[in-house]
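Given chain A, put chain B in place with the hints provided.
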Amino acid sequence: MRSVLALAIALILLGGFGPMLAPYDPVAINIPKRLSPPGAEFLLGTDALGRDILSRLLHGARWSLGLAFLISLISLIIGTAVGLMAALGGKVADWAVMRTTDSFLAFPELVAAVVIAGLMGAGTWSLIFALSVTGWMRYARVARGIGLSLQTRGYVVQAKLAGMSPIAIARWHYLPSLLPSLTVVWTGMFARAILGISSLGFLGFGVEPPIPEWGAMLLDARVHMRSTPLQMIWPGLAVVASVLAINVAGDMLRDAISNERSQS
Amino acid sequence: MSDLDRPAIGIGLRLLSGLLFAGMLIVVKAVSDDVPLGEIVFFRSFFALIPLVVFLWLRKEFPSGLATKRPGAHFIRSGFGALALFASFAAIARLNVAEAILVAQLTPVLTALAAVVLLGERLTKWRIAGLGLGFLGVVVLVAPELGAGGGSDRFTGYLIGLISAALAALALIMVRSLTKTESPGAIALFFVLASMVGALLTLPWGWAQACLAALPISR
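Listed in order, the protein sequences are those of chains A and B.
Numbers 1 to 264, taken from the numbering used here, label the letters of the first sequence in order.
Numbers 265 to 483, taken from the numbering used here, label the letters of the second sequence in order.
Extracted from the complex, chain A is given alone in its bound form (with noise of 0.2 Å):
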């Protein structure tokens, strides 16, 4: 558990301070340095067109983790609001809603996303838009399984006999329950975020250049690769480590909160 919290802090730490860590101007373009391998005064070298690597890589940190966080935040939100409708709207609403999310996860997701993203046109906002539309089935179906089971609980049915509204109902009686699972759903939406972004902007449909973002420095870095690979090996790790250790964190808390409930 500690582990899962010094991670978080980290990571939060990246986003926020990673920026005022960086060296240089991530988008300072200075063409005679070019290419220069790592060394004391490009700790991780320069790009294609001079910019330090290192200072791409903070700023983009900034991009990447806040986009990701952003994505899998509002997924979460339609999500379960989707799987509460799901639970608490009768049979049709049941039947209706969760045919939609079954529509939406027949389609594979990066597909989707590079679909909606093109057809809107590269930039920021059509990144989000798409990795959110594409993102939220998962935490519809959790929504749904944990709502229905509740269903039949003695407070949800007292409630429900009080003349409590639906909405009052989810509120109070079914997002307690369902947080802790939510959460552990979210951290590896988080991680997938962070993937989907990484490669809609190595697919060119990310964020705006000269943005720094990791997915598209690995773009940017894809051209000069067998003659500078080093280049591409620094947003790749980047990327990697930061997926592994979301997912591995997002583990960790399941086994804790599955441990906690087996002891009460």
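Mixed in with the good hints there might be a few duds.
Said to hold, decoys possible - DEER-style ranges, computed between Cβ atoms: (1) 323/B - 176/A: 32 to 42 Å; (2) 369/B - 229/A: 32 to 42 Å; (3) 277/B - 16/A: 39 to 49 Å; (4) 176/A - 333/B: 30 to 40 Å.
To be verified - Short derived list, chain A residues pointing at chain B, Cβ under 8 Å: (5) 38; (6) 40; (7) 43; (8) 228; (9) 251.
Unchecked claim - Facing chain B, according to a computed beta carbon distance under 7 Å, are these residues of chain A, among others: (10) 37; (11) 39; (12) 230; (13) 248.
Simulated from the structure, these hints should not be mistaken for laboratory data.
Every residue gets a Cβ at the ideal spot worked out from N, C-alpha and C, and that includes glycine.
Frame of chain A, contents of chain B only:
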């Protein structure tokens, strides 16, 4: 049929391990003229990390098996191991691969000595004789090379090789004490991570833009 009943697979894997290890040393030697030591160590560890994580994941030891109650011991073991890795690659850069391997053969001798000093193992007559014989064996093979000239660089190489063997021996002693409470996967993983971090610290002294052209084969 249990896994223990299939010696052919065991022998095959052991041979494969030896081949791959030899291949690694050859490549390390080949790139050591153009690529700084820290960079070699980093990528050696980086690519070791990938199969290691996959292996641990398949055995369901990742990440739960990595939790440790003895971070300090891991730190010391990984430090010794990483320094030994640095030193052995540095020795390979200055010597022929065969010579570097010969010096590295001192590791078991030194491990036995360190076990006597640090773990309080008993030193019998036979063991002293065995250790002496092992040491003599290395000296016999190395001594003619020492006189063969080549200047101080070769001497430094032998010295670094010796230091590497000593560090590796200390790391092995630590591993022995760690295995009582820690899983082998965790020990290996922390070592690789420590090597990577140590190698990254050499960034300010400059890395080369490594590419295929650094390998002599493509010249």
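Against the structure, the hints come out as follows:
Checked against the hint of 32 to 42 Å, the C-beta distance between residue 323/B and residue 176/A comes to roughly 37 Å, which is consistent with it. Between residue 369/B and residue 229/A, the C-beta spacing of about 35 Å keeps the proposed range 32 to 42 Å intact. For the pair residue 277/B and residue 16/A, the supplied restraint of 39 to 49 Å holds, since their beta-carbon distance comes to about 48 Å. A beta carbon spacing of about 34 Å between residue 176/A and residue 333/B agrees with the range 30 to 40 Å that was offered as a hint.
Nearest Cβ of chain B to the Cβ of residue 38/A: about 4 Å, under the 8 Å cut. The hint holds. Annotation: interface hint on residue 40/A holds; nearest CB of chain B at approximately 5 Å, less than 8 Å. Proximity of residue 43/A to chain B holds as hinted, the smallest CB-CB distance being about 5 Å (cut-off 8 Å). Checking residue 228/A against chain B: minimum C-beta separation of about 5 Å stays under 8 Å; hint holds.
At about 7 Å, the closest approach between the beta carbon of residue 251/A and any beta carbon in chain B falls short of 8 Å, and the interface hint on this residue holds. For residue 37/A, the suggested interface contact is upheld, since its CB lies about 5 Å from the closest CB of chain B, less than 7 Å. Hint on residue 39/A holds. Least Cβ distance to chain B is approximately 4 Å, under the 7 Å limit. Residue-level restraint check for residue 230/A holds (minimum Cβ-Cβ distance to chain B is 6 Å; threshold 7 Å).
A distance limit of 7 Å between C-beta atoms decides the matter here; for residue 248/A the minimum to chain B is near 4 Å, and the interface restraint holds.
When the structure is compared with the earlier hints, no violation turns up for any of them.
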